[in-house]
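Using the sequences and the hints given, assemble the complete structure.
Residue numbers (my numbering), protein chains in the order written: chain A, 1 to 110; chain B, 111 to 223.
Calculated from the structure, these hints are not laboratory results. Treat the hints loosely; a few may be bogus.
Taking lysine-lysine and the DSSO-like style, the derived pairs with C-alpha atoms no more than 30 angstroms apart in a straight line are [what the hints assert, rightly or not]: (1) B:Lys167 with B:Lys123; (2) A:Lys56 with A:Lys102; (3) A:Lys52 with A:Lys102; (4) A:Lys102 with B:Lys123; (5) B:Lys123 with A:Lys68; (6) A:Lys77 with A:Lys56; (7) A:Lys77 with A:Lys102; (8) A:Lys52 with B:Lys167; (9) A:Lys68 with A:Lys102; (10) B:Lys167 with A:Lys102; (11) A:Lys77 with A:Lys60; (12) A:Lys68 with A:Lys52.
Quick caveat, the model's predicted, so the values are computed rather than measured.
What follows is each chain in one-letter form.
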Amino acid sequence: GDSVTQMEGPVTLSEEAFLTINCTYTATGYPSLFWYVQYPGEGLQLLLKATKADDKGSNKGFEATYRKETTSFHLEKGSVQVSDSAVYFCALRGNNRLAFGKGNQVVVIP
Amino acid sequence: KAGVTQTPRYLIKTRGQQVTLSCSPISGHRSVSWYQQTPGQGLQFLFEYFSETQRNKGNFPGRFSGRQFSNSRSEMNVSTLELGDSALYLCASSWGQDTGELFFGEGSRLTVL
Numbered sequence: 001g002d003s004v005t006q007m008e009g010p011v012t013l014s015e016e017a018f019l020t021i022n023c024t025y026t027a028t029g030y031p032s033l034f035w036y037v038q039y040p041g042e043g044l045q046l047l048l049k050a051t052k053a054d055d056k057g058s059n060k061g062f063e064a065t066y067r068k069e070t071t072s073f074h075l076e077k078g079s080v081q082v083s084d085s086a087v088y089f090c091a092l093r094g095n096n097r098l099a100f101g102k103g104n105q106v107v108v109i110p
Numbered sequence: 111k112a113g114v115t116q117t118p119r120y121l122i123k124t125r126g127q128q129v130t131l132s133c134s135p136i137s138g139h140r141s142v143s144w145y146q147q148t149p150g151q152g153l154q155f156l157f158e159y160f161s162e163t164q165r166n167k168g169n170f171p172g173r174f175s176g177r178q179f180s181n182s183r184s185e186m187n188v189s190t191l192e193l194g195d196s197a198l199y200l201c202a203s204s205w206g207q208d209t210g211e212l213f214f215g216e217g218s219r220l221t222v223l
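Dropping the structure here:
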């Protein structure tokens with residue numbers, strides 16, 4: 001079935017550092033891809049999306065490009081802030097449901 | 111406009127009891143999905159409803175059930191609670207079917223003792 005794999009473990013980095021969170025997927029067909037973010041004590045919020053190959057989703061300084069050849073949708077931000085500390089989930093919408101990766105906790109230190 | 115509202119926000123039950131969780135979607139949204147979130151398993155899909163019909167169901171035992179009403183509000187029920195059912199239960203709504211653009215509530219945190 002459809003699945004999403006995110007890199008293992010939390011990510012700790014300093015303010016203004018470059019952030020990358022890896023995401024790869026397995027799916028039949030051509031799924032839409034998403035990044036969601038969960039701030040402490042809150043539900044998930046859609047951060048960005050891409051619906052077809054080579055699409056780049058972007059929002060709040062975050063970017064991710066839908067790479068069909070490598071089945072990837074890595075999240076990047078050039079200069080993180082303390083307020084970016086949260087859990088980030090990669091997700092795909094295949095034929096019948098939204099499947100999530102396990103999430104990565106990002107901690108940004110001042 | 112108001113977001114997705116889940117009630118109750120926190121609850122404590124004992125093994126063997128049952129629980130009902132409620133979700134009010136964003137006005138105009140007709141699709142409601144439920145997810146279970148735990149530290150070990152992450153986000154696990156429970157069910158999806160659209161216009162009162164269950165469209166999809168995840169790999170959970172029959173103790174987990176749900177329904178959607180004509181006003182799009184949804185409830186999920188867990189019977190014969192087990193310790194492993196302790197989790198954050200998240201409801202999400204969307205305007206239509208087959209979309210990954212979900213709007214999540216803050217969740218109902220269930221603790222089973």
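Hints versus structure:
1. B:Lys167 with B:Lys123: holds, 24 angstroms
2. A:Lys56 with A:Lys102: holds, 22 angstroms
3. A:Lys52 with A:Lys102: holds, 23 angstroms
4. A:Lys102 with B:Lys123: At roughly 27 angstroms apart (the allowed maximum being 30 angstroms), Lys123 of chain B and Lys102 of chain A satisfy the hint.
5. B:Lys123 with A:Lys68: Answer violated: Lys123 of chain B to Lys68 of chain A is near 46 angstroms, above 30 angstroms.
6. A:Lys77 with A:Lys56: holds, 13 angstroms
7. A:Lys77 with A:Lys102: Judged against 30 angstroms, a Cα distance of about 20 angstroms means the pair holds.
8. A:Lys52 with B:Lys167: holds, 26 angstroms
9. A:Lys68 with A:Lys102: Holds: Lys68 of chain A and Lys102 of chain A sit about 21 angstroms apart, inside 30 angstroms.
10. B:Lys167 with A:Lys102: holds, 19 angstroms
11. A:Lys77 with A:Lys60: holds, 9 angstroms
12. A:Lys68 with A:Lys52: holds, 8 angstroms
Hint 5 alone, counting from the list given before, is not met by this structure.
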